[in-house]
Amino acid sequence: MLEIDNLHAYYGKSHVLHGVSLRIEPGEIVALLGRNGSGRSTTVKTVMGLVDGHGSVRWKGEELLGRKAYEIAHRGIGYVPENRDIFPKLTVHQNLMLGQKVSGKSGRWSFDDMYGMFPRLKERQHTEAGVLSGGEQQMLTLCRTLMGDPDLIMIDEPTEGLAPKIVELVGEYLRELQRRGISVLLVEQKLTIALEVSQRCLLMGHGRIVFEGTPAELKANAYIRKEWLEV
Amino acid sequence: MSTPSEFHFKPWNVGRWVIWGGFALVLLLAPTLWTSGFALTMLSQMGVAIIICLSYNMLLGQGGMLSFGHAVYAGLGAYLAIHTLNRVGAGTLGLPVSLVPLVGGLGGLAFAALLGYVSTKKAGTTFAMITMGVGELVWSMSLMLPEFFGGEGGVSSNRVVGQPVLGITFGPQVQLYYLIAVYCFVCTALMYAFTRTPLGRMLNAVRDNPERVEFIGYSTQRIRYIAFMIAGFFAGIGGGLGALNFEIVTAEVVGAHRSGAYLLFVFLGGATFFFGPILGAILMVIALVLLSELTTAWLLYLGLVFLFMVMYAPGGLASLIMMNLRVAAFGKLRRLWTAYLGLFGTGAAALVGIGAMVEMVYHRQLNAALGPDLRYLGATLNTESVNTWVGAVFVMLVGVGLFELTRREFARQWGDTQGEIEKEIKRREAL
Amino acid sequence: ALAQKGETVKIAWIDPLTGLMGPVGQNQVNSFRFFAEKLGGAGNPAGVKFEVVPFDNKLSPAESLTALKAAIDQGIRYVTQGNGSGAAAALIDAVNKHNERNPGKEVLYLNHSAVDPDLTNSKCSYWHFRMDADTSMKMEALTTFMKDQKDVQKVYLLNQNYAHGHQVAKYAKEIMARKRPDVQFVGEDLHPLAQVRDFAPYIAKIKASGADTVITGNWGSDLSLMLKAANEAGLTAKFFTYYTGVTGTPTALGSQGDGRVFQVSYNHYHLPGQMEKWRDEFQKKFDADFYTGSVIHIYTALGEAMAKAKSTDPVKVAAALEGLKFKSFNGDVEMRKSDHQMQQTLFITRWQKADAKYSYSPEKTGYTLVPVAQYEPYVASTPTSCQMKRPS
Amino acid sequence: MSTATPAASAAPFAVELDNVHKSFGKTQIIRGAQLQVRQGERVAIIGPNGAGKSTLFNLISGRLVPTSGQIRLFGERIEGKAPYEINRKGLARSFQVSNLFPKLSVFENIRCAVLWSLGYRYAFWKFLSDLKDANDRTDQLLHQLHLDKRRDVLAMNLTYAEQRALEIGLTIAGGSQVVLLDEPTAGMSRGETTRFIQLIREVTEGRTLLTVEHDMGVVFGLADRIAVLVYGEVIAFDTPEAVRANPRVQEAYLGSVLAQGH
Amino acid sequence: MTERPGAVDQLIINLLNGFSSGLLLFMLSSGLTLIFSMMGVLNFAHASFYMVGAYIGYALTGVVGFWPALVLAPLVVGALGALFERGALRRVHKFGHVPELLITFGLSYVLLEVVQLIWGRTSVPFTPPTQLQGSAFTLVQSSVEGMRLVWGQAPAEMCQNTASVLLSCSRFPMTRVFMMGVALLMLVALWALLTRTRIGLVIQAALTHPEMAEALGHNVPRVLMLVFGSGCALAGLAGVIGGITFITEPSMAAVVGSIIFVVVVVGGIGSLAGAFVGSILVGLLQTLPLTVDGSLATLLNQLFGAGIGPSTPGWPLLRITLAQAAPILPYLLLVLILIFRPKGLLGTREG
Ligand SMILES: Nc1ncnc2c1ncn2[C@@H]1O[C@H](COP(=O)(O)OP(=O)(O)OP(=O)(O)O)[C@@H](O)[C@H]1O
Ligand SMILES: Nc1ncnc2c1ncn2[C@@H]1O[C@H](COP(=O)(O)OP(=O)(O)OP(=O)(O)O)[C@@H](O)[C@H]1O
Ligand SMILES: CC(C)C[C@H](N)C(=O)O
Ligand SMILES: [Mg+2]
Ligand SMILES: [Mg+2]
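Residue numbers (our numbering), protein chains in the order written: chain A, 1 to 231; chain B, 1 to 431; chain C, 1 to 392; chain D, 1 to 262; chain E, 1 to 351.
Do not rely on the hints blindly, as some may be mistaken.
Pairs of lysine to any residue residues, derived as SDA-like cross-links and limited to a Cα-Cα distance of at most 20 Å, are as follows [claimed, not checked]:
{"hint": "1", "chain 1": "E", "residue 1": "Lys-343", "chain 2": "A", "residue 2": "Tyr-70"}
{"hint": "2", "chain 1": "D", "residue 1": "Lys-89", "chain 2": "D", "residue 2": "Asp-18"}
{"hint": "3", "chain 1": "E", "residue 1": "Lys-94", "chain 2": "A", "residue 2": "Tyr-70"}
{"hint": "4", "chain 1": "B", "residue 1": "Lys-122", "chain 2": "E", "residue 2": "Lys-94"}
{"hint": "5", "chain 1": "C", "residue 1": "Lys-69", "chain 2": "B", "residue 2": "Met-229"}
{"hint": "6", "chain 1": "B", "residue 1": "Lys-121", "chain 2": "E", "residue 2": "Ile-339"}
{"hint": "7", "chain 1": "C", "residue 1": "Lys-389", "chain 2": "B", "residue 2": "Arg-196"}
{"hint": "8", "chain 1": "A", "residue 1": "Lys-190", "chain 2": "D", "residue 2": "Gln-96"}
{"hint": "9", "chain 1": "D", "residue 1": "Lys-132", "chain 2": "B", "residue 2": "Arg-196"}
{"hint": "10", "chain 1": "C", "residue 1": "Lys-123", "chain 2": "B", "residue 2": "Val-160"}
These are computed hints drawn from the structure, not numbers from a lab.
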C-alpha cells in the first residue's frame with residue numbers, strides 16, 4: 001500500500017537519497033537496515049513530508065510528495081523519530097493524548113493498551129516527559145504514535161538505548177502491531193530484533209537500496225553483511 | 001584591562017593589519033571628506049555609538065544576553081562624566097578633559113558591577129526582564145532626583161576648561177572628533193581583543209550551551225557577570241564621550257528608547273559578526289539624526305525597514321556582506337553582478353514609487369495648507385492631481401513587479417552558486 | 001531705501017514634529033509659515049522676507065543641539081523654539097558657546113513658548129529673547145484674578161513632573177501667599193508627564209482634601225483626562241490652567257469643565273480687528289486654531305529691530321531688540337532690556353459654550369474660551385535677578 | 001575480556017556512594033545506593049530503563065542534589081556542590097544525548113574544555129592564540145579522537161558518530177581523574193561501536209571510569225567490574241562473569257537476549 | 001463627631017479604582033501572556049494592537065453604533081494580528097526569539113504611524129454610549145448617618161453640607177463598572193479555552209518540537225496563527241473599552257507599553273491566574289500609594305524623631321513621597337520577583 005519510486009532527497013544542496021524504491025504490503029513488517037548516514041532516516045522523513053524530495057511516494061494510490069506532514073499523518077501513516085522528540089513540558093499522559101489526531105479517538109488503541117504494554121509508563125504517567133529516562137522516552141514515543149491509530153507505522157531505531165529486556169518487549173510490541181493488521185517499516189542498524197520480527201529486509205547504502213530479501217537470505221549472505229553493515 | 005599584551009597582534013597576519021590600518025585611515029580621513037559642522041557632529045556621534053553598540057554586542061551577540069537596559073550604563077557613565085567635567089570647570093578637580101571619558105567608563109563599570117550582579121544571576125528571558133525593570137527604575141529615578149540628573153533640563157557643562165594641552169582646547173568640534181576617533185579605535189581594538197581571550201570564548205560557550213559549561217569547570221553566572229561589567233565599562237566610556245560631544249546630558253540617555261535603539265540597530269548591523277554593530281551604529285546615527293531631518297515619515301520608514309530586514313536578512317547587514325564575501329572568495333561574485341544590478345535597479349524604482357506615495361500622503365495630512373506641491377528627489381509632485389498619484393502607483397507597481405522577477409532569477413543563481421560552493425567545500429574536506 | 005530691503009531672513013524652527021508634542025509643534029510651525037507671508041516683505045518696516053526652516057528636535061535637548069548645528073551649517077542666524085523648557089535651556093547654553101567660540105557668526109535665539117522663569121533669570125543670556133510671558137508672570141495675573149474670587153479658599157496643586165509643572169507649583173505657592181494669605185494649600189501632587197492613564201486616584205485625593213480650586217500647568221491629555229476623571233467623580237472645583245488652548249486639549253475637553261476651567265495667556269481667540277481675520281484665515285487654511293501669538297511678536301520685533309539697525313546682522317539686531325517697544329495684537333509691548341523678557345498684557349479666559357458674542361470655537365468643539373479679565377503689563381510684570389553679560 | 005587489575009584492587013577509593021537517596025516529589029528514584037569505586041578501575045553500570053543510572057550520574061556530577069546520603073570523591077564529600085566545583089576537583093562526565101557547543105568549531109569545543117584545567121580561568125588579558133599549551137593539548141586530543149580532519153567544522157554539522165566522539169572529547173579534555181560516560185556508544189552501528197570502545201580505552205587510560213551501557217558487547221569489552229542498578233539500588237557489583245551468572249541480574253535485566261548474539 | 005466625612009468612602013473608592021485599573025491591565029496582559037507563553041514571543045506590538053482596537057472601535061461606532069462595534073472591533077484586530085502572524089512572524093519564527101521580538105518592535109512603529117495617518121495625531125472624541133454614561137452608584141458619606149450607597153447619581157441636595165451635617169458624595173462611573181465586568185468575563189472564557197480544550201497542549205508541544213507535532217497530525221501553523229490572532233483580539237477588546245473609559249489617542253499605547261510586561265512576568269509567564277493576580281497587584285500598586293504623601297524622611301522622623309532635614313545626606317532620596325514614587329513601584333516589584341521568585345507569583349516555569 002506504500003510504494004516509493006525513485007526517491008531523491010536533498011539537505012540544502014547535499015544530495016542524500018539517490019533514487020530509493022521500495023514497497024510495503026498491508027500487514028507486513030519490513031526492516032530497513034544500513035550504516036550510519038546511509039539515508040534511512042531521511043527516507044522515512046521524506047515519506048512523512050518533513051524533508052522534501054523528488055520522485056514518487058504513493059500511499060493507497062495517492063501521491064504524498066508535496067503534502068504537509070499533518071495531512072500525511074491524517075491519511076494513516078505514523079512516524080516514530082530516532083531522536084524521540086517527546087514533548088518535555090507535557091506529562092506522559094498528555095503526550096499520549098497528543099498522539100490522538102482527534103480528541104478522544106484512538107481507534108484500535110486505548111491508553112490501557114499502552115500502559116499494559118509498558119507498565120513503566122503507567123507509573124510515570126503524571127510526570128513531565130522531559131525528565132523521563134532515555135528508555136522511558138523511547139517507549140513513550142512508540143505509544144504516542146500508536147494513539148494516532150496509523151495503518152503504517154515507520155519506526156526509526158526503536159531499540160536504541162533500551163535495556164535488553166525491553167528490546168525483547170519491543171519485539172513483542174511489533175508482532176502485536178502486525179496482529180492488529182498494521183504494517184511496519186522498521187529502521188534499524190543493529191540486527192538484534194530486525195531479523196526476528198521482519199518478513200523482508202532492505203539494506204541501504206549511500207542513499208540507495210543495495211539488497212532486498214528475507215531475513216534468512218540476509219543471514220546467509222555474509223558478503224552483503226560485511227559490505228553494508230559491519231566494518 | 002589595557003595591559004599592553006593585547007596589542008601585539010600576530011605580526012605576520014597581514015590581513016589583520018590591512019583591516020585595522022584601513023579602519024584607522026577611515027577614522028583619520030572622514031572629517032576631510034565631510035567638513036561641515038553638522039557632518040562633524042554626526043561623525044562624532046557615530047564614533048560614540050560605535051563604542052556603545054560594540055559593548056552591547058558583547059552581551060547580545062557574544063553572550064546571548066538580551067538586555068533591554070544597556071542605555072543605563074552608557075547614560076550613567078555620561079552623567080558621571082559631565083559632573084566630573086563641571087568639577088574640572090569649577091577648578092575643584094584637576095583632570096585633563098581628554099581623560100574625562102574614562103571617568104564615565106569607571107562609572108559604567110561601577111554601576112554594572114552593582115546592578116549587573118542581580119541581572120546576571122539569571123539568563124534568558126528572566127535576564128531580559130530584569131534588565132528591563134532595572135532600566136525603567138533608573139529612568140523613573142532620573143525624574144525624581146533632579147539633584148543628580150538635572151531634571152528635564154539635564155546637566156550642561158563646558159568642555160573648554162583647564163589650560164589647553166599643546167594648543168588643544170576641544171573648543172572646535174574637529175578636535176573633539178579626533179579625541180572620539182582615538183577612543184573609538186582603541187576601544188574597538190580592545191573589544192576585538194576581548195573576543196580572542198579565554199573569557200571571550202567561554203562567553204560564546206555560555207551563549208551556546210550554559211549547562212555544559214558548568215561541567216567543564218566554569219561558573220556561567222560568573223562569566224556573565226564579568227562580561228556584563230566589561231560591557232558596562234565600554235558603554236560608560238561611550239557615554240562619557242557623548243557628554244563631551246553635546247556638553248549636556250539629559251535623562252533620555254538612560255531611557256528605554258535608547259536601550260531599544262541599541263538593541264534594534266546592533267541587530268540590524270548584525271550581532272553575529274564582530275563588525276556588525278559598527279555598521280549598526282553608523283545606521284543608528286543616520287536614521288535617528290539625518291533621516292528625521294529629511295522626511296516627516298521617518299518613523300514609518302524606520303518601522304518598515306525593521307520589518308523587512310528581520311524577515312529577509314535576520315543576520316543583519318554584516319551577514320549579507322559576509323555571504324557575498326564568501327561567494328567572492330570562491331570567485332563566483334562576477335557571475336552575480338548582473339543579477340545584482342537588476343536587483344538594485346528595480347528595487348530602487350519600487351522604492352522611489354513607494355517613497356513618493358508615502359511622502360504625498362504625509363504631505364496631504366501635515367502640509368496640505370502649504371499648497372499641493374511637494375519637493376521629492378528634485379522633482380516637484382502635485383499631491384492634488386490624479387496624474388501624480390497614478391504615476392507614483394505606476395512606478396511602484398512596475399518597480400515591484402520587475403523586482404520580483406529579478407529577485408526570482410537572482411535567487412536561482414544565488415542558490416546555484418551556494419550549491420557549487422558547498423560541493424567545493426566538500427571536495428576540499430575530502431582531500 | 002534700507003540696506004537690507006528685500007533680503008530673506010531664514011529662521012530655524014527647532015521643535016518637536018513627532019512624539020508627544022508633535023501636534024503642538026505642527027500647529028506652531030504652521031503659524032510661523034502663515035505669518036512669514038503676512039508679515040514678510042511689505043508687512044514689516046525693514047521690508048525683509050522671512051523663511052522658516054523646520055527641524056524636528058523630538059522634544060530632546062540633545063537633538064535640539066544637533067539641529068542647531070545643522071541650521072548653522074545652512075548659514076541660518078536666527079533660531080526659534082518653545083516646547084519644553086529643557087530644550088530651551090540647552091539651546092541658550094549652546095548659542096552662548098557658539099557665539100563665544102565663533103565671533104562674527106553669532107546666532108540669535110527667539111523663544112516663543114518656553115516659559116520657565118529661569119531662562120530670563122539665573123540662565124538669562126544676551127542672545128535669548130522670550131516673547132511669551134513666563135510662568136511667574138502668568139501666575140501673577142492668575143492670582144490677581146483669583147484674589148477677588150471669594151469662593152477660592154482651598155487650593156490643590158496638581159502638575160506634571162517636569163520643569164514647567166514644578167515652576168507652576170512653586171510660583172502658585174509664593175505669589176498666592178503674598179496676595180491671599182487666607183488661601184490654604186490643601187495638597188500638592190506631581191505626576192509623571194504623559195504617563196498617567198487614570199487620574200481617578202488623584203481626583204479622589206483632591207476630593208478628600210476638600211479643595212475648591214485646582215491650579216495646574218497640565219496640557220494635552222494630562223489636562224483632559226484630569227478633568228474627565230474630575231467630572232466622573234463629581235468633583236466640582238474650579239481649574240486654573242495654562243494650556244487649555246493647545247492642540248488636542250479642546251477636543252479632549254469637550255463639554256467637561258464647562259464654566260469651571262480658566263486659562264491665563266497673552267492672547268485669546270476673540271481679539272478684535274486684524275486678528276479675527278487672521279484667525280479665520282488660519283483656521284480655513286490649516287483647519288486648526290492659531291494660539292501661539294508670540295509668532296506675531298517675533299516677526300514684528302525682528303522687522304522693527306532690523307529697520308532700526310538697518311541690517312540683518314544678529315549682533316546689530318540683538319542690540320536693537322534690547323528695550324524695543326512696539327505695538328502688537330495685545331497692545332503695547334516691551335522687550336525688557338534687563339532680561340530680554342517681553343512685557344505684555346495678559347488675559348484670563350473661561351471655557352464655556354460658544355455663543356453669538358464669542359462665536360469662535362477651537363477644534364469645532366462648540367465650546368470656546370471667553371475673556372473674563374485683562375491685565376496691563378505692569379500688573380503681571382515680575383522682577384528679574386538677571387545679570388546680563390553683554391558682549392563688549 | 002579484562003579482569004580487575006591487581007593494581008586497582010589495592011588502590012584507594014575514587015568515588016564512594018554511601019546510602020544515597022534521591023526522590024522527585026514523592027517518587028523515590030535512588031533508594032540507598034551503595035558503591036565504592038577504586039582509582040584506576042573501569043566500572044560499568046547496567047540496569048533496566050529508568051533504574052536511575054543517569055540520575056546517579058547527575059547526583060555524582062552535581063547536576064542534582066541527593067535527598068540524603070553521602071557522595072565522596074577521593075574521600076572528600078561533594079554532594080550538593082555545584083557541577084563546576086566538582087569538575088575542578090577532578091571529575092568529568094558525558095551525557096546520554098550529546099551536549100556540545102553547537103556554534104563553535106570542533107577545535108574551539110575541545111579548547112574550551114581544557115582552559116580551566118590549565119589555569120586560565122576567566123582571563124581576559126591573554127590571547128587564546130598565545131596559549132601554546134592549551135592549543136597543543138587540544139590538537140593532540142583531536143588526533144586521539146580521530147577528529148583532526150574535522151578540526152574547523154562547527155559541532156552542529158558533525159555526523160552523529162562524530163558528535164558522540166566530541167562528547168567524549170569534551171569530557172576527558174579537562175584531564176579529570178574520574179570520568180563518567182552515559183551510554184557513550186548509543187546509536188552507533190556495530191562497527192563504529194567496536195572502534196569507539198577502542199577509543200575510549202585509549203583516552204581513559206590510567207583513569208577511573210564509570211560508564212552506563214545497555215550494549216552487553218560494550219560492557220564486557222570495557223569493564224573490570226559491573227554494577228547492576230535496579231530500582232535505585234545496586235543489587236550486584238562484581239566481575240563481568242559473576243554478574244552474567246547472577247540469576248537476579250538475569251531476571252531483572254538481561255533476559256534471554258544474552259544467550260544469542262555477541 | 002469630629003472625624004471629617006469621606007474617610008471610609010474615599011478608601012473604598014480608591015480600592016475600586018485600583019481594581020478597575022488592574023482589571024484593564026488584565027485585559028491587556030491576558031492576550032500578551034497567551035502569546036508569550038504559548039509561542040514564546042515577546043509581542044512588543046501588543047499595546048499597539050490595544051490602540052488600534054480603540055481607533056477601530058471608534059470608527060465602527062460611527063457606522064454601526066457602539067455595541068456592534070464592541071464585538072466587531074476585536075474581531076478586526078484579531079484578523080489583523082493573524083494576518084501579521086501569517087505574513088511576517090511565521091517567517092522569522094525559525095530564526096529564534098530575538099528576531100521575533102524585533103519584528104513586533106518594528107510593527108509597533110508602523111502601526112503607530114498608520115493610525116496617525118488615518119485618524120490624525122491628536123485624540124479623537126470616542127465617548128461611551130448613553131447606557132454607559134454617568135455614574136453607576138454614589139457613596140454618600142454623612143457625618144451623622146455614616147455611609148450609604150445610592151444607585152446612579154445621587155441628587156445634589158444629598159451632597160450639600162447643611163449646618164448640622166457634613167456630607168460628601170463620591171461617584172463611581174458606569175464605564176469602570178462595565179470594564180470590570182468584561183474583564184471578569186474574559187477571565188472565565190480564557191480559562192475555559194485553555195483548560196477545557198486540547199489546543200493548549202498542541203501549542204505547547206509545537207513550542208519544543210513543531211515537526212513532531214505536525215507528524216502527529218496537528219496543523220501547527222494554523223494553531224499558532226489562531227493563538228496570535230486571539231491574543232491581538234483580546235488587546236483590541238481592551239482597546240475599545242479603554243478608549244471610552246479614558247481617551248483615544250496615539251500615545252495610549254506607549255502609556256501601557258512596558259507595564260503589561262511587568263504584569264505578565266510578575267504573575268508568572270504562561271499562567272492565566274498569574275496574569276490576573278499580577279494585574280490586580282500592579283493596579284493597586286499604581287493607585288493606592290498615590291494617596292500617601294509620607295516619605296521615608298517623614299516616616300523616620302515620626303517613628304524615632306530622627307531629625308532628618310534637607311541637610312541630611314541622601315535627603316533627595318529620603319524626601320521622595322510615596323505618591324511620587326508610585327510610578328516605579330511596579331518595576332521595583334518586577335526586579336524583586338525575578339530575583340527571588342523567577343517563576344513569578346503563580347508561574348510554573350522560568351523564562
Ligand atoms: N539536517 C541535516 N542537514 C544536513 N545533512 C544531514 C542532515 N541530516 C542528515 N544529514 C546527512 O544525510 C545523510 C543521511 O542521514 P540519515 O540520518 O538519513 O542517515 P541514517 O541512515 O539515518 O544514519 P543514522 O540515523 O544512523 O545517523 C548523512 O550523511 C547525514 O550526514
Ligand atoms: N527531574 C526528575 N523529576 C522526576 N522524575 C525524574 C527526574 N529525573 C529522572 N526522573 C525519573 O527517574 C527515573 C530514572 O531516570 P534515569 O534517567 O536515571 O534512568 P536510567 O537508568 O538512565 O534509564 P535509561 O537507561 O533508560 O537512561 C526515571 O523513571 C525518570 O522518570
Ligand atoms: C507649548 C507648551 C504645551 C509646552 C510648554 N511651553 C513647556 O514648557 O513645556
Ligand atoms: Mg537515522
Ligand atoms: Mg539514562
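Hint-by-hint comparison with the structure:
1. E:Lys-343 x A:Tyr-70: violated, 34 Å
2. D:Lys-89 x D:Asp-18: holds, 19 Å
3. E:Lys-94 x A:Tyr-70: Holds: Lys-94 of chain E and Tyr-70 of chain A sit about 19 Å apart, inside 20 Å.
4. B:Lys-122 x E:Lys-94: violated, 24 Å
5. C:Lys-69 x B:Met-229: violated, 35 Å
6. B:Lys-121 x E:Ile-339: Between Lys-121 of chain B and Ile-339 of chain E the Cα gap is close to 8 Å, so the pair holds against 20 Å.
7. C:Lys-389 x B:Arg-196: violated, 56 Å
8. A:Lys-190 x D:Gln-96: Since the Cα atoms of Lys-190 of chain A and Gln-96 of chain D sit roughly 19 Å apart, the hinted pair holds (cutoff 20 Å).
9. D:Lys-132 x B:Arg-196: Distance of about 14 Å is within 20 Å: holds.
10. C:Lys-123 x B:Val-160: holds, 19 Å
Hint compliance for this structure: hints 1, 4, 5, 7 are not met, and every other hint is.
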